[in-house]
Amino acid sequence: MISLRGTTQRADATFRVVAIIAAAMVLVILGLVALTMTVRARPVLSEMGLEFFTSRRWSPADSKFGALPFLWGTLYTASIATVLAVPVSLGVALFITQIAPPWLKKPLVYVTDLLAVVPSVVFGLWGILVVADKLGGRSFLTAGVILAIMIIPIITSLAREVMETTPASDKEAALALGATRWEMITATVLPHSKGGLVGAVMLGLGRAMGETIAAALVIGSALGQITVYPLASGNSMPAVIANEWGEADELHKSALIALAVLLFVITIVVNLIATSIVQRSMKRSGGTA
Amino acid sequence: MIAELPLDLRAKPSWRRVKSQIMIGLMVAAVGLVLVPLISVMWSVASRGAGVAFHGFPAFFTDEIPVISRSEGPGMGPAILGTLMCTLGATLIAVPLGILGAVYLHEYGGKRKFAKLVRFMATVMTGVPSIVMGLFVYVTWTLRFGYSAFGGSLALACLMLPVVIASTEQMLRLVPPHLREASYALGATKSRTILTIVLPAALPGIVSGSLLAVARAAGETAPLLFALGLGATSYNAHFFTQINTALSQQIFVNATSSFAGAQERAWGAALTLVMLTFIFTIVARLFTARIGRKK
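Protein chains in written order, with my numbering: chain S, 1 to 289; chain L, 1 to 295.
Hints listed in this document are in silico derivations from the structure and should not be mistaken for laboratory results. Hints may contain errors.
[What the hints assert, rightly or not] Incomplete in silico selection of chain L near chain S, CB under 8 Å:
| # | residue |
| --- | --- |
| 1 | W15 |
| 2 | S44 |
| 3 | R112 |
| 4 | L199 |
| 5 | L203 |
| 6 | V207 |
| 7 | I251 |
[To be verified] In the SDA-like style, the derived pairs of lysine to any residue whose C-alpha atoms are separated by at most 25 Å in a straight line are:
| # | chain 1 | residue 1 | chain 2 | residue 2 |
| --- | --- | --- | --- | --- |
| 8 | S | K134 | L | A260 |
| 9 | S | K194 | L | M42 |
| 10 | L | K12 | S | P102 |
| 11 | L | K19 | S | P102 |
| 12 | L | K111 | S | Q9 |
| 13 | L | K19 | S | G178 |
| 14 | S | K171 | L | M23 |
| 15 | S | K194 | L | P177 |
| 16 | S | K134 | L | K111 |
| 17 | L | K116 | S | I266 |
| 18 | L | K111 | S | M282 |
| 19 | S | K171 | S | E51 |
| 20 | L | K116 | S | K106 |
| 21 | S | K105 | L | R17 |
| 22 | S | K283 | S | I273 |
| 23 | S | K134 | S | L114 |
| 24 | L | K190 | L | A260 |
| 25 | S | K171 | L | Q21 |
| 26 | S | K106 | S | L190 |
| 27 | L | K113 | S | G49 |
| 28 | L | K19 | S | P87 |
| 29 | S | K105 | L | I39 |
| 30 | S | K106 | L | R285 |
| 31 | L | K116 | L | V198 |
| 32 | S | K105 | L | K111 |
| 33 | L | K190 | L | L117 |
| 34 | L | K111 | S | L272 |
| 35 | S | K134 | L | V31 |
| 36 | S | K283 | L | M23 |
| 37 | L | K116 | S | L190 |
| 38 | S | K106 | L | M42 |
| 39 | S | K283 | L | L172 |
| 40 | S | K283 | S | V269 |
Cβ coordinates follow ideal geometry from the N, Cα and C atoms, glycine included.
Sequences and hints are given; from them, build the entire structure.
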């Protein structure tokens with residue numbers, strides 16, 4: 001036996017441990033986020049109890065904090081955004097993967113990716129000073145439209161990846177049977193990528209719920225609005241946090257942190273489900289391809 | 001499997017063809033719909049920002065921010081410095097950590113349960129709202145050590161970490177196994193193989209992925225709101241102390257202002273920020289193009 005123990009061996013082991021620690025940081029950070037923020041949120045939760053989640057009254061002046069209107073605003077604007085973004089994203093993804101001639105694919109991918117590079121605050125600035133006027137002021141609808149534009153690149157690029165895993169033999173078989181291109185898509189591409197597309201849409205939804213700055217600028221910052229009227233101005237959880245933080249006292253800050261915890265929990269759940277759906281469908285199609 | 005698929009070819013051929021054309025037309029329309037906001041944003045930022053940013057060049061990029069937001073005229077220098085400091089700090093924290101994490105996942109972890117868990121949670125972590133990360137850093141760092149650019153770096157690093165891990169692992173996957181085997185055959189240890197063979201081979205891809213993460217981080221606003229403090233208008237090159245500011249924060253604050261001067265500065269800052277993020281993105285693409293050629 002040759003003995004390989006020695007300084008090189010120890011260096012090797014050290015490197016491995018350092019790498020493990022680096023990887024574990026992901027879990028450490030997520031754990032710390034949940035832990036430290038829940039601790040900070042406790043004052044308002046013990047003060048308000050369950051009313052924090054059910055009350056419609058948010059009045060920092062007399063220490064009343066009910067998060068329901070913001071929960072509504074978050075879900076409502078994210079839903080508007082998803083409904084608007086999904087058909088467009090799927091259309092673009094289908095066009096890029098199934099219809100576009102090869103020379104056009106790359107530029108189109110670049111263009112949709114470019115949309116993801118524009119900083120969220122720039123979309124907000126554009127939304128407040130350009131778009132809001134055309135959509136009748138700051139409102140749920142304006143926020144929904146801006147959020148839709150921001151999640152289109154995410155949904156499109158994931159949808160593209162999933163659609164590209166459709167086996168060429170399936171597509172060619174459909175075409176050989178005399179199917180038109182649209183029939184080929186409905187018969188092979190869509191059934192094949194269904195699971196992945198659902199996951200992609202959910203990831204987009206999660207992103208829309210957490211998107212802060214653009215929403216904070218264009219949603220209108222009205223208190224206590226729970227309405228389906230899209231032109232009403234309202235508020236969402238991340239928007240309230242960003243807009244009220246500057247002038248918040250201790251209990252108020254605790255309430256805003258509690259909102260962040262609520263937002264964290266909701267987006268984590270949505271992302272957990274979405275990620276496992278995407279990964280499962282990717283694995284399945286990876287196996288057959 | 002085709003027999004089970006919903007493929008009904010009995011309808012009238014002409015109608016089937018027309019329907020297909022209509023659907024393709026809708027897809028083209030979707031592409032057009034994506035171009036509209038992109039062009040509109042770019043046009044607004046360029047047309048409204050250029051006049052402000054390049055008036056009396058380089059005053060806008062070097063002057064301090066007016067203390068009274070009502071006043072007109074240039075000044076985003078401190079915000080540019082703040083953005084660069086926060087982003088650079090975040091890069092120095094997140095990129096080495098992310099690369100090491102990815103090295104563990106691909107070179108050591110493989111299909112182990114722990115590696116799978118980390119990989120899964122890293123994907124989930126990319127979906128954590130940036131404002132949550134900002135508050136997290138406020139709670140754990142800023143409350144104890146006060147406002148500083150470093151706090152901003154920490155928050156941005158938390159956002160960059162999972163992105164760097166994911167893109168680096170993808171690049172490590174592209175390194176052919178025979179390179180590693182050749183290195184082992186020569187008697188190199190695993191860590192030496194990784195540091196001198198695997199990482200250099202994957203370097204262009206890693207740089208490209210990291211730069212895209214940097215570009216994303218430079219444009220972030222929400223995480224900085226809590227870490228930098230409000231109201232900084234003059235240069236602060238201290239990394240660990242005192243309130244600071246950033247381009248994104250200035251845009252956010254000035255966008256809601258009713259004063260024309262402040263709004264103009266917001267557009268100028270937006271143009272500066274967009275140019276900054278685009279430079280990072282283009283450089284990243286150049287690195288990606290290099291990998292493409294090598295393959």
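Now the hints, each set against the structure:
1. W15: violated (10 Å)
2. S44: holds (5 Å)
3. R112: violated (11 Å)
4. L199: Violated: closest Cβ of chain S sits about 12 Å from L199(L), beyond 8 Å.
5. L203: With Cβ-Cβ at 17 Å, over 8 Å, it is violated.
6. V207: violated (17 Å)
7. I251: Where the cut-off is 8 Å and the nearest Cβ of chain S is about 5 Å from I251(L), the hint holds.
8. K134(S) to A260(L): Holds. K134(S) to A260(L) sits at ~20 Å (cutoff 25 Å).
9. K194(S) to M42(L): violated (34 Å)
10. K12(L) to P102(S): Status violated; Cα separation ~31 Å.
11. K19(L) to P102(S): holds (24 Å)
12. K111(L) to Q9(S): Distance of about 24 Å is within 25 Å: holds.
13. K19(L) to G178(S): Roughly 14 Å separates the two Cα atoms, so the pair holds.
14. K171(S) to M23(L): holds (17 Å)
15. K194(S) to P177(L): The hint is violated at about 34 Å.
16. K134(S) to K111(L): Distance ~52 Å between K134(S) and K111(L) Cα, so the pair is violated.
17. K116(L) to I266(S): holds (23 Å)
18. K111(L) to M282(S): Holds - the C-alpha atoms of M282(S) and K111(L) are around 16 Å apart, at most 25 Å.
19. K171(S) to E51(S): violated (55 Å)
20. K116(L) to K106(S): At roughly 32 Å apart (the allowed maximum being 25 Å), K106(S) and K116(L) break the hint.
21. K105(S) to R17(L): Distance ~24 Å between K105(S) and R17(L) Cα, so the pair holds.
22. K283(S) to I273(S): Holds, at roughly 15 Å.
23. K134(S) to L114(S): holds (24 Å)
24. K190(L) to A260(L): Roughly 61 Å separates the two Cα atoms, so the pair is violated.
25. K171(S) to Q21(L): holds (18 Å)
26. K106(S) to L190(S): Cα-Cα ~22 Å, so holds.
27. K113(L) to G49(S): violated (38 Å)
28. K19(L) to P87(S): holds (17 Å)
29. K105(S) to I39(L): Since the Cα atoms of K105(S) and I39(L) sit roughly 19 Å apart, the hinted pair holds (cutoff 25 Å).
30. K106(S) to R285(L): holds (12 Å)
31. K116(L) to V198(L): Answer holds: K116(L) to V198(L) is near 21 Å, not above 25 Å.
32. K105(S) to K111(L): The given pair, whose Cα atoms are some 34 Å apart, is violated under the 25 Å limit.
33. K190(L) to L117(L): holds (23 Å)
34. K111(L) to L272(S): holds (19 Å)
35. K134(S) to V31(L): The given pair, whose Cα atoms are some 22 Å apart, holds under the 25 Å limit.
36. K283(S) to M23(L): violated (30 Å)
37. K116(L) to L190(S): Not satisfied, since the Cα-Cα distance of roughly 29 Å exceeds 25 Å.
38. K106(S) to M42(L): Status holds; Cα separation ~20 Å.
39. K283(S) to L172(L): holds (19 Å)
40. K283(S) to V269(S): holds (21 Å)
Going down the numbered hints, you'll see the structure goes against 1, 3, 4, 5, 6, 9, 10, 15, 16, 19, 20, 24, 27, 32, 36 and 37, while the others check out.
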